[in-house]
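Protein chains: 2
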Amino acid sequence: MTNIAILGFGTVGGGTAQVLDVQKERLRLAAGGEIRVKYILDIRDFPGSPWEDRLVRDINVILDDPDVKVVCETMGGKEPAFTFTRAAMERGKSVCTSNKELVDAFGPELTQTAKAHSCSYLFEASVGGGIPLLRTLRDSCRHEDITSVAGILNGTCNYILTKMDREGTDFADALRQAQENGFAERNPDADILGHDTARKLAILASLISGRRVRFEQVPCQGITEVSTADLKSARARGKAVKLLGICQRNPQTGDISVMTAPCLVPADNPLYGVNDVFNGVLVHSGCVDDLMFYGRGAGKMPTASAVAADVVECVKNAGHTVENGLTDPDDTITPVPFPSALPGGIELLHGGDGSSFPRVRS
Amino acid sequence: MTNIAILGFGTVGGGTAQVLDVQKERLRLAAGGEIRVKYILDIRDFPGSPWEDRLVRDINVILDDPDVKVVCETMGGKEPAFTFTRAAMERGKSVCTSNKELVDAFGPELTQTAKAHSCSYLFEASVGGGIPLLRTLRDSCRHEDITSVAGILNGTCNYILTKMDREGTDFADALRQAQENGFAERNPDADILGHDTARKLAILASLISGRRVRFEQVPCQGITEVSTADLKSARARGKAVKLLGICQRNPQTGDISVMTAPCLVPADNPLYGVNDVFNGVLVHSGCVDDLMFYGRGAGKMPTASAVAADVVECVKNAGHTVENGLTDPDDTITPVPFPSALPGGIELLHGGDGSSFPRVRS
Chain A
1 MTNIAILGFG TVGGGTAQVL DVQKERLRLA AGGEIRVKYI LDIRDFPGSP WEDRLVRDIN
61 VILDDPDVKV VCETMGGKEP AFTFTRAAME RGKSVCTSNK ELVDAFGPEL TQTAKAHSCS
121 YLFEASVGGG IPLLRTLRDS CRHEDITSVA GILNGTCNYI LTKMDREGTD FADALRQAQE
181 NGFAERNPDA DILGHDTARK LAILASLISG RRVRFEQVPC QGITEVSTAD LKSARARGKA
241 VKLLGICQRN PQTGDISVMT APCLVPADNP LYGVNDVFNG VLVHSGCVDD LMFYGRGAGK
301 MPTASAVAAD VVECVKNAGH TVENGLTDPD DTITPVPFPS ALPGGIELLH GGDGSSFPRV
361 RS
Chain B
1001 MTNIAILGFG TVGGGTAQVL DVQKERLRLA AGGEIRVKYI LDIRDFPGSP WEDRLVRDIN
1061 VILDDPDVKV VCETMGGKEP AFTFTRAAME RGKSVCTSNK ELVDAFGPEL TQTAKAHSCS
1121 YLFEASVGGG IPLLRTLRDS CRHEDITSVA GILNGTCNYI LTKMDREGTD FADALRQAQE
1181 NGFAERNPDA DILGHDTARK LAILASLISG RRVRFEQVPC QGITEVSTAD LKSARARGKA
1241 VKLLGICQRN PQTGDISVMT APCLVPADNP LYGVNDVFNG VLVHSGCVDD LMFYGRGAGK
1301 MPTASAVAAD VVECVKNAGH TVENGLTDPD DTITPVPFPS ALPGGIELLH GGDGSSFPRV
1361 RS
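Residue numbers (our numbering), protein chains in the order written: chain A, 1 to 362; chain B, 1001 to 1362.
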């Protein structure tokens, strides 16, 4: 039996507790032994919750308990997530996370900590939510020379664009409806300005290039300037408007180009049909050609399922560091401007090559 | 360094040699050591081939060489592939294959042989060609309670149906063009009668149910009766016609239903946009909801890339048996008729529930 702890009892943390409970038997078979939630860290009370007896408010209860072998960090944000993650790994506890902000900002440093303490730092849930993407790129595609990745990585934006396209709703109305339906936050800036997509793209670009690519290096345009006229004219040309994170890699030089922008996607590109809150990631490589991975990029249970898959891998590899694909902190790369043609017949909605887009400040 | 042998220097075997050569450096990193093709078995001569010096005609050269640790069986068919595979594993050599016929007929028996000799029998390339599907289902989704899989698993049929739909070509003409373009065999029966799809579905159903499902248990209708009128009327209803392999699983009872048939796929199903020679597999489970995997289901380099991924896994797990998801030979299950509704809004093109379709004889 392996005892684990969950940091943060919000949507993803609550979902993780639930997946670990509902799928207990399958997880036992997959991991080779029972997985038990011993603690859940939160500063709030949850009276009546079936996990009420596991709730603790002091991280040291978890850190000081040698029985806890794996920690799920589902708090989000940089602090105290960074401090808690590092402290857990310094005590040899593996950490599985959905926290893309932390992976982007300190993933390479935390990976070094994991290696130094023979434990693992895994983050499948941080990109593409429930889509089993990162492990697949690592295990099944590691021998592939990937030349591009283009992804619909933010379900909120895709929901808004789908609604504008299908119903002729303007941006403000579609956003309001997304908020009413729980698909957008009260403060939706991180989604609609493209920052969330840019962060996930930076993680993907790091994995594909084998170098460190930071969020702040991604030229970024969000969807706030997309009009119903844009969607109509795209539709008339047989194209769909999608907010994409794109990374192109030159297999000869290893140079990469990155950007986040609203794009025109032609009908023969498999991203064309990725609608509503779904995410899709199109990968191209010389040997295997096109691959596309589709699924729910957010949501309680899908995201929690990805966290659970990481927990299984940590349990199976107890005492070892699972390779997560991140490089050393200092092995950085400076992206270059995009070549003339984007992959998969994609064009920028508002023209240009994206080089004029502002970079984002964290 | 690990020495390997390739059995059969046809399309997939030749592609495997090529991928292992072109991607040598990445494969070395992925596997933790160089992978070298020591022998290629074929009865034909290939004068001028860069692999000419590795060609052997006698399987015993490979079987008797203790240096050969992994064998890629890319011959196809039951014999001599079965005898060669078993003999290799009895000598502790892992086998990676693209041979769906053999996996369907003797996969469980060969898995037992692998376990008895601490080597592995892997077959990623046998379903979905280059799509990294089986490893992903096994590693990332093993804790999921999968309730359905619906797949476009045969690129030839999808090419023909796409052509009939887009160009109004009738079945015979579309088939002829597929043959001229190298997308269909001279004897296309295994594809167009649905047998190839049924075989791949039987493998998927075995993995999902954890029981043995045989090809002969799959009710099967091919695409020979699909007319241009069918495609037009489907289009008018906003649907696409696709040859699908479908497996539905009742998570309460564990019962499964299987079938291969031309189906109507609604526009909001991600399989709707899977066209030409591409394959797509839609997976549904309670936690992660819908997942779809898209890519080239056939072709030299994509299929070979999947074989190469298996070689890497065998090399990394030398001396152990990698779990491949197949059960014991005697752990069979008898499929039950489908429940009233198919997954993902799919309907049978010609109505009914498929229970009247004939089973296929091997």
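There's no promise every hint is true.
Lysine to aspartate or glutamate pairs mimicking EDC-like chemistry, simulated, CA-CA at most 16 Å apart [said to hold, decoys possible]: (1) B:1078 <-> B:1067; (2) A:78 <-> A:45; (3) B:1038 <-> B:1067; (4) B:1300 <-> B:1053; (5) A:300 <-> B:1289; (6) B:1316 <-> A:323; (7) B:1115 <-> B:1090; (8) A:115 <-> A:90; (9) A:38 <-> A:58; (10) B:1115 <-> B:1289; (11) A:316 <-> A:34; (12) B:1024 <-> A:145; (13) A:38 <-> A:79; (14) A:316 <-> B:1323; (15) B:1038 <-> B:1053; (16) B:1300 <-> A:109; (17) A:38 <-> A:21; (18) B:1316 <-> B:1045; (19) A:300 <-> B:1021; (20) A:300 <-> A:21; (21) A:24 <-> B:1145; (22) A:78 <-> A:34; (23) B:1232 <-> B:1289; (24) B:1300 <-> A:289.
Which bits of chain B does chain A cover? Going by a derived footprint, with three or more residues having C-beta under 8 Å, they are [said to hold, decoys possible]: (25) 1024-1037; (26) 1105-1116; (27) 1127-1134; (28) 1218-1229; (29) 1249-1257; (30) 1287-1295.
Partial list, derived from the structure: chain B residues whose beta carbon lies under 10 Å from chain A [to be verified]: (31) 1283; (32) 1312; (33) 1348.
No lab work stands behind these hints: they were computed from the structure.
As the structure is a computational prediction, the values presented were derived from the model and not from experiment.
We put the beta carbon where it would ideally sit given N, CA and C, even for glycine.
Here is what the structure says about each hint:
no., hint, in the structure
1, B:1078 <-> B:1067, "violated, 26 Å"
2, A:78 <-> A:45, "violated, 23 Å"
3, B:1038 <-> B:1067, "holds, 9 Å"
4, B:1300 <-> B:1053, "violated, 22 Å"
5, A:300 <-> B:1289, "holds, 11 Å"
6, B:1316 <-> A:323, "holds, 13 Å"
7, B:1115 <-> B:1090, "holds, 10 Å"
8, A:115 <-> A:90, "holds, 10 Å"
9, A:38 <-> A:58, "holds, 14 Å"
10, B:1115 <-> B:1289, "violated, 33 Å"
11, A:316 <-> A:34, "holds, 11 Å"
12, B:1024 <-> A:145, "holds, 11 Å"
13, A:38 <-> A:79, "violated, 23 Å"
14, A:316 <-> B:1323, "holds, 13 Å"
15, B:1038 <-> B:1053, "holds, 9 Å"
16, B:1300 <-> A:109, "violated, 40 Å"
17, A:38 <-> A:21, "holds, 12 Å"
18, B:1316 <-> B:1045, "violated, 33 Å"
19, A:300 <-> B:1021, "violated, 44 Å"
20, A:300 <-> A:21, "holds, 14 Å"
21, A:24 <-> B:1145, "holds, 11 Å"
22, A:78 <-> A:34, "violated, 31 Å"
23, B:1232 <-> B:1289, "violated, 31 Å"
24, B:1300 <-> A:289, "holds, 11 Å"
25, 1024-1037, "holds (count 4)"
26, 1105-1116, "violated (count 0)"
27, 1127-1134, "holds (count 3)"
28, 1218-1229, "violated (count 0)"
29, 1249-1257, "violated (count 0)"
30, 1287-1295, "holds (count 9)"
31, 1283, "holds, 9 Å"
32, 1312, "holds, 6 Å"
33, 1348, "violated, 22 Å"
Comparing the model with each numbered hint stated earlier shows that hints 1, 2, 4, 10, 13, 16, 18, 19, 22, 23, 26, 28, 29, 33 do not hold.
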